[in-house]
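Colleague: Listed here are the chains, written in short residue letters.
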Amino acid sequence: MKFTEQHEWLKPEGDEIVVGITEHAANELGDIVFIELPEEGKTVSKDDEIVVIESVKAASDIMAPVDGEITEVNEAIVDEPGKVNEDPMGDGWFFKIKPSDPSQMDDLMDEAAYQQFIS
Amino acid sequence: MSDLGRTPLYDLHVELGAKMVPFAGYEMPVQYKLGVMKEHLHTREKAGLFDVSHMGQVILRHEGGYGPVAQAMEGLVPVSLLPLGEKRQRYGFFTNDDGGILDDLMMTNRGDHMLVVVNAACKEADIAHMKAGLPGVEVAEQRDRALLALQGPAAEEVLEPVAPGCDIMKFMDTGIFTSDFGELWVSRSGYTGEDGYEISVHATHAEALARHLLAHEAVEPIGLGARDSLRLEGGLCLYGHDIDETTSPVEGNLAWAIQKVRRSGGDRAGGFPGAERILNELDEGTPRLRVGLAPEGRAPMREGVQLFANEEGGEAIGHVTSGAFGPTVGAPVSMGYVPAELSRPGARLFGEVRGKRLPVRVAELPFTPANFKR
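As they're listed, the protein sequences go chains W and P. Start counting the first sequence at 3; every next residue gets the next number (the numbering used here). Start counting the second sequence at 15; every next residue gets the next number (the numbering used here).
Hints listed in this document are in silico derivations from the structure and should not be mistaken for laboratory results. The structure presented is a predicted model; accordingly, all values stated were derived computationally and were not measured. Honestly, I wouldn't trust all of these hints.
[Unchecked claim] Cut-off 30 Å, straight-line C-alpha distance, at most; resulting in silico cross-link-like pairs (DSS-like, lysine-lysine):
id, chain 1, residue 1, chain 2, residue 2
1, W, Lys85, P, Lys370
2, P, Lys33, W, Lys85
3, W, Lys44, P, Lys370
Modelling step: build the complete structure from the supplied sequences, incorporating the hints.
Modeller: As structure tokens, then:
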């Protein structure tokens with residue numbers, strides 16, 4: 003698993019990557035009440051703002067962690083945003099992306115580095 | 015956050031794991047371990063305990079008793095205070111010469127004096143306003159007292175053993191109770207739309223009282239985050255957002271608080287700042303009105319969102335003054351100002367969120383039914 007400085011986790015699954023936000027991020031945001039996901043099939047560039055998350059108090063954006071194509075989005079969290087707070091590292095996943103340049107993953111933090119980053 | 019004030023319950027909040035934030039010059043708990051949504055839902059289901067000690071508690075005294083105080087205050091608020099029954103509390107607002115609102119407040123007839131509770135953000139200005147505008151009246155801020163709010167259907171059952179007899183109080187009744195925590199000044203009122211009490215306690219007993227109430231299995235500590243979503247669902251104004259110096263009480267949909275006797279033709283018509291505009295608006299109506307707004311989708315429409323009559327084109331015709339997700343309603347809820355001709359419930363407007371115009375309907379307030387003990 004890899005991590006970005008915006009508190010996203012990336013889990014390779016075949017030639018796709020599953021992306022979500024970390025438990026740390028979910029706790030910081032508080033109760034999430036609204037999520038807007040990108041469209042499946044959309045081509046995105048690294049750092050594009052592609053997900054809107056609204057917590058009880060404020061709105062945040064999630065950026066594309068790498069260049070690629072969005073292959074699947076998790077509709078379940080649109081219907082029940084609270085799922086992200088309940089299981090941010092599992093059922094609360096956001097989208098799957100097929101990276102156009104897998105080497106972009108190399109620059110991201112591993113688990114140990116991320117734990118250091120948030121401490 | 016070193017320049018901020020702390021209430022007598024600060025240490026308790028920290029001990030309970032509260033996330034502290036600056037609010038109106040104080041370090042206040044925005045949420046505890048349950049989080050905003052669960053704290054909100056708990057309050058409507060059982061009982062929530064709020065620290066609102068940052069608010070101002072002020073005693074107004076005149077050697078002639080309550081009457082002269084009430085008369086003087088009627089010169090600052092467009093509300094009928096003279097006939098207010100003893101131990102009864104009433105809602106009102108200070109107005110300015112333009113007919114705008116300086117603050118909203120609660121006033122109680124305490125027999126030989128008046129007790130006033132004002133918002134924390136306006137406390138200093140309100141006290142100065144009263145000192146300047148109430149000749150012959152002593153204005154004494156009660157700085158040695160804390161203020162707690164116990165709100166929810168279980169509030170009566172929780173408070174009764176502490177303040178026996180509080181169970182027979184009706185909405186907006188007040189009383190003074192001797193208790194194990196010193197003298198408690200209790201009103202059956204609040205800011206959530208639920209039944210409940212506001213309890214003034216001497217600062218030295220505040221923590222003990224709070225711990226005692228929290229020990230009851232029905233009670234959870236509730237932060238300012240849930241306080242805001244509760245009052246929003248309840249259709250209640252937040253000064254500085256839904257009402258301010260530019261909004262008259264009539265535009266603000268608070269005309270209900272201006273009794274007939276203070277309106278044109280009434281025995282004590284006018285005589286408060288901004289009376290000309292306010293009386294005129296009561297007679298003629300206003301071009302805009304504060305209404306409830308229910309976004310049709312899931313995206314909250316927060317303060318500042320511009321409102322449009324059509325999905326495309328045209329200028330903004332209104333704006334949102336408060337908005338959030340309503341946990342009880344299970345959907346976003348907002349309040350804002352719209353043109354009077356578009357203010358009937360069901361009217362369809364569009365709010366611009368992140369560059370897109372999303373549908374929103376004018377909604378009746380409150381969003382959740384009030385549960386006051388009548």
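Colleague: Each hint should be assessed against the structure and marked as holding or not.
Modeller: Against the structure, the hints come out as follows:
| no. | hint | verdict |
| --- | --- | --- |
| 1 | Lys85/W - Lys370/P | 26 Å, holds |
| 2 | Lys33/P - Lys85/W | 22 Å, holds |
| 3 | Lys44/W - Lys370/P | 19 Å, holds |
Every hint, counting from the list given before, is met by this structure.
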